[in-house]
Amino acid sequence: MDRLDFSTPKILKWFTGAGHTNKGKVIGISQPNPLFSQVQLVMATSESNFNEDIKKDFYIPTYILSEDASQSDDVKLPDVPTCPVLVFINSKSGGQLGGDLLNTYQSLLNKYQVFDLGKETPDSVLHRLYLNLEKLKNNGDEFAAKLEERLRIIVAGGDGTAGWLLGVVSDLKLSQPPPIATVPLGTGNNLPFSFGWGKKNPGTDQNSVISFLKKVMDAKEMKIDSWHILMRMRASKEGCCDPIAPLELPHSLHAFHRVSPSDDLNVEGCHTFRGGFWNYFSMGMDAQVSYAFHSERKMHPEKFKNQLVNQSTYARLGCTQGWFFASLVHPSSRNIAQLAKVKIMKKHGEWQDLDIPHR
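According to this note's numbering, the stretch in the sequence shown is residues 453 to 811, in order.
Misleading hints may appear alongside valid ones.
As the list claims (entries may be wrong) - List of simulated lysine-lysine pairs, PhoX-like, C-alpha gap at most 25 Å:
hint, residue 1, residue 2
1, K544, K587
2, K651, K625
3, K544, K598
4, K672, K544
5, K563, K667
6, K589, K666
7, K625, K507
8, K571, K589
9, K544, K589
10, K508, K544
11, K598, K571
12, K589, K563
13, K672, K508
14, K598, K507
15, K563, K544
16, K625, K652
17, K666, K598
18, K652, K544
19, K508, K571
20, K666, K652
21, K507, K667
22, K508, K652
23, K563, K666
24, K625, K675
25, K652, K675
If you are wondering where the hints come from, they were derived from the structure by calculation, not from laboratory data. No experiment lies behind these values; they were computed from the predicted model shown.
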């Protein structure tokens, strides 16, 4: 594997690697000061130029994103943006900073190219977009064709949210999938940190967002490995009940599907699941802690104010589950090999047992 240069953010091919501001206002001045008027004029002109630069580099016209995707002959299109972006934000992430980040992106860009993942899933957005692009290209729309070539995606959230977007893009099986840049808005942010985007939650003001957009435009593309996982669990002998109780899982885990009984991968007497992951996969106690964190944040969002509080909550849940004293609290869980057999597939399709040493 090549050594990563952490000084420069990487935008992954496959995957890469915010708020309100007070604007100057004139408030009932009957005899305006000439100096004040001059300052106001400079501010207005500067803001106008600033908005034009944002449009030139990142803006996606509404007709590309609309349901009917039909270009009006009466509308004069601008030049194709240098780096058109779709923005997906988990508004519940980052100690509730996601909501501020959403507002800032929507104020800078076309509000229809910025999506709240709590209200609309990336599956539906990207399916609609690529159907629109295909339709427009077939009708001779060169703008749409060039925009598709330059398109990049920004996702703001934790590692789970980033993995969710990666999975959706992967499932689309596009000939040229858009690279994805990650805003570190979660608790751990291991994925964005690995590719040069940092670990700390970002600023949500306009300057911070513009700075990030410019980094996305300049970022180098880098490929990332995707891992596929197959999990088999013995079926209950006392009935046909699913061995897993219904859970309200986060969206990032919805990519794991139950294999149908008619599938070749299915084995009699077992429940088989398949899915994928990007940076790490966990089972057992740490997965239980992650789910407990997800559930508590959903029930009491007001308690998750910032990244430090989130990390403290994670540590507390780990302690209550016996995470740091697993060998004492759960003697049978000292080694994963006592609970499950882990196999890896070699290049030629042969499965081989993974040797997990005892500690």
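Worksheet entry | Hint numbers contradicted by this structure | 1, 2, 3, 4, 6, 7, 8, 9, 10, 11, 16, 19 and 22
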